[in-house]
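*Asks:* Residues per chain, in single letters:
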Amino acid sequence: MMLDASRTAMTEQALPPLPSGMAVRVGSRQKKDGLLAKAEDETDWAGLLVKVRDHQDRAAFAALFRHFAPRVKAFLMKSGAGAALAEECAQDVMATLWQKAHLFDPARASVATWVYTIARNRRIDALRKARRAEPEELDWGPEPEPDQAEVLEAQQETERLGRALAALPAPQRTLIERAFYGDLSHSEIAAETGLPLGTIKSRIRLALDKLRHQMG
Amino acid sequence: MGYAAGQLPEAFNLVVATHVSLCDECRARLASFDAVGGTLLEEADEIAMGEDALSKALARIEGLPQATRTEPLKPAGIFPAPLADYIGGDLSAVRWRNVGGGVKQAILPTGKDASARLLYIPAGKAVPDHGHRGMELTLVLQGAFADANDQFGRGDIEIADEEMEHTPVALAGQDCICLAATDAPLRFRGLIPRLAQPLLRI
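Residue numbers (the numbering used here), protein chains in the order written: chain A, 1 to 216; chain B, 1 to 202.
What the hints contain is simulated information worked out from the structure, not anything from laboratory work. Careful: at least some of the hints might be erroneous.
No more than 30 Å apart at the CA atoms, straight line, and that leaves these computed lysine-lysine pairs for BS3-like [as the list claims (entries may be wrong)]:
(1) B:K125 / B:K104
(2) A:K78 / B:K56
(3) A:K51 / A:K100
(4) B:K112 / B:K74
(5) A:K100 / B:K74
(6) B:K56 / A:K51
(7) A:K100 / A:K78
(8) B:K74 / B:K104
(9) B:K112 / A:K78
(10) A:K100 / B:K56
Listed next, the stretches of chain A that the computed footprint assigns to chain B, with coverage defined by at least 3 CB atoms under 8 Å from CB atoms of chain B [what the hints assert, rightly or not]:
(11) 62-68
(12) 159-169
To give an idea of the interface, some chain B residues facing chain A are shown, with a C-beta separation under 10 Å as derived from the structure [to be verified]:
(13) A31
(14) T39
(15) L40
(16) E42
(17) A48
(18) A53
(19) L54
(20) R60
(21) I61
C-beta atoms are modelled at their ideal positions from N, C-alpha and C, and glycine is treated no differently.
The task is simple: from the sequences and hints, build the whole structure.
*Replies:* Written out as structure tokens, the structure reads:
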């Protein structure tokens, strides 16, 4: 992937100043050691989204946008969208994030997971023009404020999942990524990698089992 | 997992969403697959947005209506919400067509990759012989049916492929109503069972 450094720098300047004390990464410079960087990354994305939710905080939104929009764009392009469509959809996804912020509950999902589900549904709309049925909403009862312990637990869960994914052997991780990102069926992965279909299926199963165990 | 990754045909999405509405364990499982997707997104490569992307997005937000709490979909009778949404009501809204032997069906409007239908099997009757040319998911909404291998009640899903031959019979006592989805022959052959298995745990 190519990244135009000067353009990134310009984008940075054009944006409103960030709240102090907030670390925001731009571009792909942390990619090489992405997992290391993630462990050090203390940015409280959930906190920022709650600010958007409760106060329509634009600076918080800008920080979320700079972090997630390039990732959503990459996700959509890996799924077969052209650059222009991916750019358009990524903006759309982020605008949806703002519009639906009132539905975000930090105790139930991380911001990344939430952005992922919005982006996935947007991709289905854009690429397939198909409806996607959603499960019934559970009635969670009146819940004025999520329990801080639950929020913390949800965040730790996400971190553990990140570590578990990182700990997977490369071939398994790649297959999981392809199943999620690539608009590829298992038989298409087989055609591309030259691996027999049975091998791919057992590797995906193995990878998911490993993830489950590490999470258990 | 196929559902979480957004890779299933519309008809299968409908069956999964309906099943998840009835099965807490699969709901939890689905959430964990979504979390895998989120974690992959978090660690993914980035592709730089255009320089005016943020201001465009903010402009887009200005144009959006004030965020309002949308009314969640409601179940209707035996139909969980996602299915009720497709049918446009409860059992009385279904337009059945006889297919013989007292069995009725109603095709639902979904994408072309796969088809979804409601099946109505009178208590004690067998489903007319039908071959599985591809993958078939059958979710029980009311009553129960059994074949030589197993018995399925409300909320259960049976996954059948072309190798499976069976004659499902609705159990006595209550007419059986199912939601069934099949893919186009060959197209998703072998993919769907593998994708659906971890989610449905069968």
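*Asks:* If a hint holds in the structure, say so; if it does not, say that too.
*Replies:* Hints, verified against the model:
1. The straight-line distance between the Cα atoms of K125 of chain B and K104 of chain B is roughly 12 Å, inside the 30 Å bound, and the hint therefore holds.
2. Distance check on the hinted pair: K78 of chain A and K56 of chain B sit about 23 Å apart at the alpha-carbon level, within 30 Å; holds.
3. At most 30 Å may separate the alpha-carbon atoms for a hinted pair to count; K51 of chain A and K100 of chain A meet this at roughly 13 Å.
4. Of the supplied pair hints, the one linking K112 of chain B and K74 of chain B holds, its CA atoms being roughly 26 Å apart against a limit of 30 Å.
5. Taken as a hint, the K100 of chain A and K74 of chain B pair is honoured in the structure, with Cα atoms around 19 Å apart against an allowance of 30 Å.
6. The straight-line distance between the Cα atoms of K56 of chain B and K51 of chain A is roughly 21 Å, inside the 30 Å bound, and the hint therefore holds.
7. Proximity of K100 of chain A to K78 of chain A is assessed by CA-CA distance (about 25 Å); at most 30 Å being required, the pair is judged to hold.
8. At most 30 Å may separate the alpha-carbon atoms for a hinted pair to count; K74 of chain B and K104 of chain B meet this at roughly 25 Å.
9. Pair hint K112 of chain B plus K78 of chain A holds up; C-alpha atoms about 24 Å apart against a cutoff of 30 Å.
10. Distance hint between K100 of chain A and K56 of chain B is fulfilled; the C-alpha atoms sit about 18 Å from each other, no more than 30 Å.
11. Counting residues of the stretch 62-68 of chain A whose C-beta lies closer than 8 Å to any C-beta of chain B gives 4; at least three are required, and the coverage claim holds.
12. Only when three residues or more bring their CB closer than 8 Å to a CB of chain B does the claim for the stretch 159-169 of chain A stand; here the count is 4, and the claim holds.
13. The beta carbon of A31 of chain B comes within 7 Å of a beta carbon in chain A, closer than 10 Å, and the hint placing it at the interface holds.
14. Against a cut-off of 10 Å between C-beta atoms, the interface hint on T39 of chain B holds, since the closest Cβ of chain A lies about 5 Å away.
15. The interface hint given for L40 of chain B is met, as the beta carbon of that residue sits about 6 Å from the closest beta carbon of chain A, less than 10 Å.
16. Among the interface hints, the one on E42 of chain B holds; its C-beta lies about 4 Å from the nearest C-beta in chain A, closer than the 10 Å criterion.
17. The closest approach between the C-beta of A48 of chain B and any C-beta of chain A is roughly 5 Å, which is under the 10 Å cut-off, so the hint is satisfied.
18. With a cut of 10 Å, the hint placing A53 of chain B at the interface with chain A holds, because the nearest CB-to-CB distance is about 6 Å.
19. The interface hint given for L54 of chain B is met, as the beta carbon of that residue sits about 5 Å from the closest beta carbon of chain A, less than 10 Å.
20. Interface restraint check for R60 of chain B: the shortest CB-CB distance to chain A comes to about 4 Å, inside 10 Å, so the restraint holds.
21. Annotation: interface hint on I61 of chain B holds; nearest CB of chain A at approximately 5 Å, less than 10 Å.
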